[in-house]
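If you're matching them up, the sequences are chains A and B in order.
Under the UniProt record's numbering, think of the first position of the first sequence as 1, with each following residue one higher.
Under the UniProt record's numbering, think of the first position of the second sequence as 1, with each following residue one higher.
Read the hints as simulated data drawn from the structure, not as lab findings.
A portion of the hints provided could be inaccurate.
[What the hints assert, rightly or not] Derived list of chain B stretches under chain A, where covered just means 3 residues or more per stretch with a C-beta under 8 Å from a C-beta of chain A:
hint	stretch
1	41 to 55
2	64 to 71
3	159 to 165
The beta carbon of each residue, even a glycine, is placed where N, CA and C say it ideally should be.
2 protein chains.
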Amino acid sequence: MAKPGIPKGTRDFSPAEVAKRQYIISAIKHHFELFGFQPIETPSFENSDTLMGKYGEEGDRLIFKILNSGDYLNKANEALLQDKDSLKLTPQISEKALRYDLTVPFARYVVQHQNEIDFPFKRYQIQPVWRADRPQKGRFREFYQCDADVVGSTSLWQEVEFVQLYDAVFTSLGLKGATIKINNRKVLSGIAEVIGAKDKLIDFTVALDKLDKIGEEGVKTEMLAKGISEDALQKVQPLFNFTGTIDEKLNKLQTLLASSEEGLKGVEELRFICDNTAVAGLGHSMLDLDVTLARGLNYYTGAIFEVTAPRGVAMGSIGGGGRYDDLTGIFGLKNMSGVGISFGLDRIYLVLGELGLFPETVTEGTKVLFINFGEKEARYALQAIQVLRRQGIRAELYPDAAKIGKQFQYADKRGIPFTVVVGDEEIQAESFTLKNMATGTQETVTKTALAEKLR
Amino acid sequence: MAKPGIPKGTRDFSPAEVAKRQYIISAIKHHFELFGFQPIETPSFENSDTLMGKYGEEGDRLIFKILNSGDYLNKANEALLQDKDSLKLTPQISEKALRYDLTVPFARYVVQHQNEIDFPFKRYQIQPVWRADRPQKGRFREFYQCDADVVGSTSLWQEVEFVQLYDAVFTSLGLKGATIKINNRKVLSGIAEVIGAKDKLIDFTVALDKLDKIGEEGVKTEMLAKGISEDALQKVQPLFNFTGTIDEKLNKLQTLLASSEEGLKGVEELRFICDNTAVAGLGHSMLDLDVTLARGLNYYTGAIFEVTAPRGVAMGSIGGGGRYDDLTGIFGLKNMSGVGISFGLDRIYLVLGELGLFPETVTEGTKVLFINFGEKEARYALQAIQVLRRQGIRAELYPDAAKIGKQFQYADKRGIPFTVVVGDEEIQAESFTLKNMATGTQETVTKTALAEKLR
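Work out the full structure: start from the sequences and follow the hints.
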């Protein structure tokens with residue numbers, strides 16, 4: 001029989017991996033709650049109607065569909081079957097689909113439960129999502145999203161708080177030098193106005209993003225090739241030397257976008273967020289203004305966030321988010337502005353691993369293994385184990401009276417730092433022989449002393 | 001536009017529900033770890049091969065299948081399409097399926113990772129499973145299982161520990177009077193031997209289970225109708241008056257099963273588990289021997305566990321488990337005995353709710369809401385909020401400078417116990433006016449005093 005496997009793009013997590021993932025999730029959850037976010041959970045699968053058409057054509061294709069139960073072909077259209085028309089047959093044999101992200105289910109939740117919710121509603125959600133993407137390094141078909149969103153307020157204080165929230169989480173994880181990049185959709189619209197070509201905005205930002213790599217001339221050549229005019233390039237010349245403090249950058253934008261009302265609104269919003277972030281201050285992270293930041297261009301309407309790992313760690317984005325003025329409109333509830341951020345669990349995991357930032361205690365498991373010499377000794381041991389556990393000490397009895405060497409080896413392999421040996425002598429004296437597995441030293445102690453030593 | 005909904009048999013969980021579910025999960029997780037179990041996680045979907053055929057024909061039908069991506073009909077057999085043969089077409093258009101329980105994925109995990117695992121392997125797993133069951137009260141299509149299993153040891157100390165583990169969790173949840181019922185597959189085999197009809201064993205236990213309801217004569221009438229002989233009934237007469245202490249019950253079984261080697265082995269195992277449980281003692285739970293307990297008859301080979309809610313709560317089983325001598329044989333790894341238990345999260349949730357056992361603190365969220373009077377005041381507030389959060393106090397700023405009444409009402413609805421008001425006066429004096437929302441009392445305090453009051 002061949003060894004069984006798992007579907008490509010999915011993963012098993014070992015005890016050490018679960019512990020390290022939980023460490024990150026706990027930090028995120030802790031700060032979500034400190035900032036006043038409340039947890040919700042939604043079902044793993046939604047009605048297909050809820051998801052289809054919300055992520056574009058590519059998204060529709062990447063959504064995992066669940067086959068109807070029972071005789072699902074019974075009502076299927078015969079012509080479609082004969083034509084083997086997979087695309088058109090799908091809605092006839094599948095009514096449910098695995099969630100693709102947490103944002104659309106959240107929008108659905110808000111609309112469905114609008115009468116039970118007190119707005120503004122600050123919710124967080126940490127659950128897996130599924131995408132039928134081609135699996136590759138760092139990209140999986142099942143992965144966790146960790147999202148916090150506020151819906152029902154247009155206040156820019158939320159954006160200020162989200163910058164602080166990112167920083168608080170990364171600081172608590174000991175991650176130094178993450179950059180929280182911020183931009184604003186309205187600034188991008190302003191740039192599009194200034195270059196006189198809204199449809200060229202993506203080409204423009206993509207090219208501009210290469211400034212570090214190919215230099216000003218390279219970028220300009222690419223832009224011209226994409227049909228952006230010489231005249232336009234001259235108007236946005238300051239973007240080719242877009243350095244300095246956030247304040248300096250904002251001043252440059254203010255001048256550059258003087259003719260665009262929307263662009264100036266964007267600058268004003270950015271200034272509010274950056275100024276107030278400066279007042280409160282950040283811990284281990286930095287804030288930066290990046291006008292090339294355009295993720296989900298058609299989705300966000302205000303602030304756009306993206307967090308990059310510290311320099312020297314080639315990891316790309318470890319988080320992102322932004323404001324979308326009409327979160328719930330797709331489900332019929334208009335005028336609900338939402339703003340939110342997401343933490344990339346898998347990438348943060350890799351970054352902490354690469355930088356050696358997981359505390360050793362994270363993967364610590366059982367503290368003490370009682371060696372098993374037989375029924376009488378095991379019974380004596382189990383009573384002591386019970387006492388230890390009541391004091392919060394993780395303790396185990398080796399289940400079988402196996403050879404002592406094998407039992408010690410097991411403790412060693414499992415990384416259990418202490419073992420306890422009890423024989424006739426110990427039972428009579430109501431004592432325990434405690435061995436430190438790292439140093440090899442042994443001492444015989446009372447039950448009370450045992451708990452104290454292990455605490 | 002109609003309000004969006006979710007698939008039948010699935011659920012949205014509100015913040016209060018998530019908090020209460022997490023309270024139970026945390027208690028279970030905490031004790032799993034105290035007892036030396038290590039967490040693993042497996043993918044939500046497995047290759048269909050891994051799951052199909054492992055749960056019987058009914059199980060196969062209840063497994064949710066995932067439609068292949070892309071042009072899934074391309075390679076499908078035309079004759080099957082024409083015949084609309086759903087059953088036979090399924091494996092051609094679906095290669096993956098949502099997990100149905102945690103036991104089969106665990107067996108797959110053990111076989112796949114056998115070279116990385118130190119046996120005996122004590123693992124726990126708390127993840128959702130999916131079943132295309134007909135939804136009904138208390139039965140869902142997506143629900144969590146909370147499992148702990150040991151694989152790689154036949155030691156009966158594990159069974160002793162599982163009884164303690166059940167008790168430790170229920171005791172920590174404040175649940176008094178749960179009954180941990182125990183039986184043994186070998187005792188059931190012994191009874192089958194004695195009644196001279198192995199194939200009648202299920203009929204026998206089902207009928208015997210009705211003793212409380214329909215009395216001895218009723219039960220006997222049913223058994224005779226099922227083809228169990230008068231002679232057989234006489235041989236097992238003690239089972240119709242199967243009361244008394246566990247010891248008394250074991251003695252009755254010993255006599256009854258004197259002619260069955262396997263039956264006596266079962267009695268001996270039960271005696272070991274019950275005697276050693278008595279030595280260590282239990283907290284809020286009770287242990288009882290129930291010879292009618294037969295769950296998953298063809299699955300378990302030794303101990304069988306089931307936990308029932310305290311009397312007066314009509315809830316049925318809130319947990320179950322047992323030993324299966326050949327856990328991993330289905331994946332080609334022979335002679336791996338496993339024993340495990342499961343906690344029924346949804347039912348425990350209902351029981352704790354019915355008995356009012358959720359501590360009030362479980363659903364406590366934000367501790368203090370800062371009222372927003374405008375930009376200057378909000379900036380001052382946010383700095384104080386940052387200080388509070390660093391001390392672990394959940395604090396929020398109302399995002400908009402809305403009418404003060406609306407803001408207080410929001411705090412009230414959210415159950416936030418304190419609000420803080422800051423105006424010009426407070427800013428000048430570097431103070432804060434703290435309001436206790438329950439009593440309505442207000443006091444003006446310094447920043448240091450604020451944190452102390454809220455801690």
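Now for the hints, and whether the structure bears them out:
Coverage of the stretch 41 to 55 of chain B by chain A holds in this model, with 9 residues showing a Cβ closer than 8 Å to a Cβ of that chain against a need of three. With 7 residues having a Cβ less than 8 Å from any Cβ of chain A, the stretch 64 to 71 of chain B passes the three-residue criterion, so the hint holds. Only when three residues or more bring their CB closer than 8 Å to a CB of chain A does the claim for the stretch 159 to 165 of chain B stand; here the count is 3, and the claim holds.
Of the numbered hints stated above, none is contradicted by the structure.
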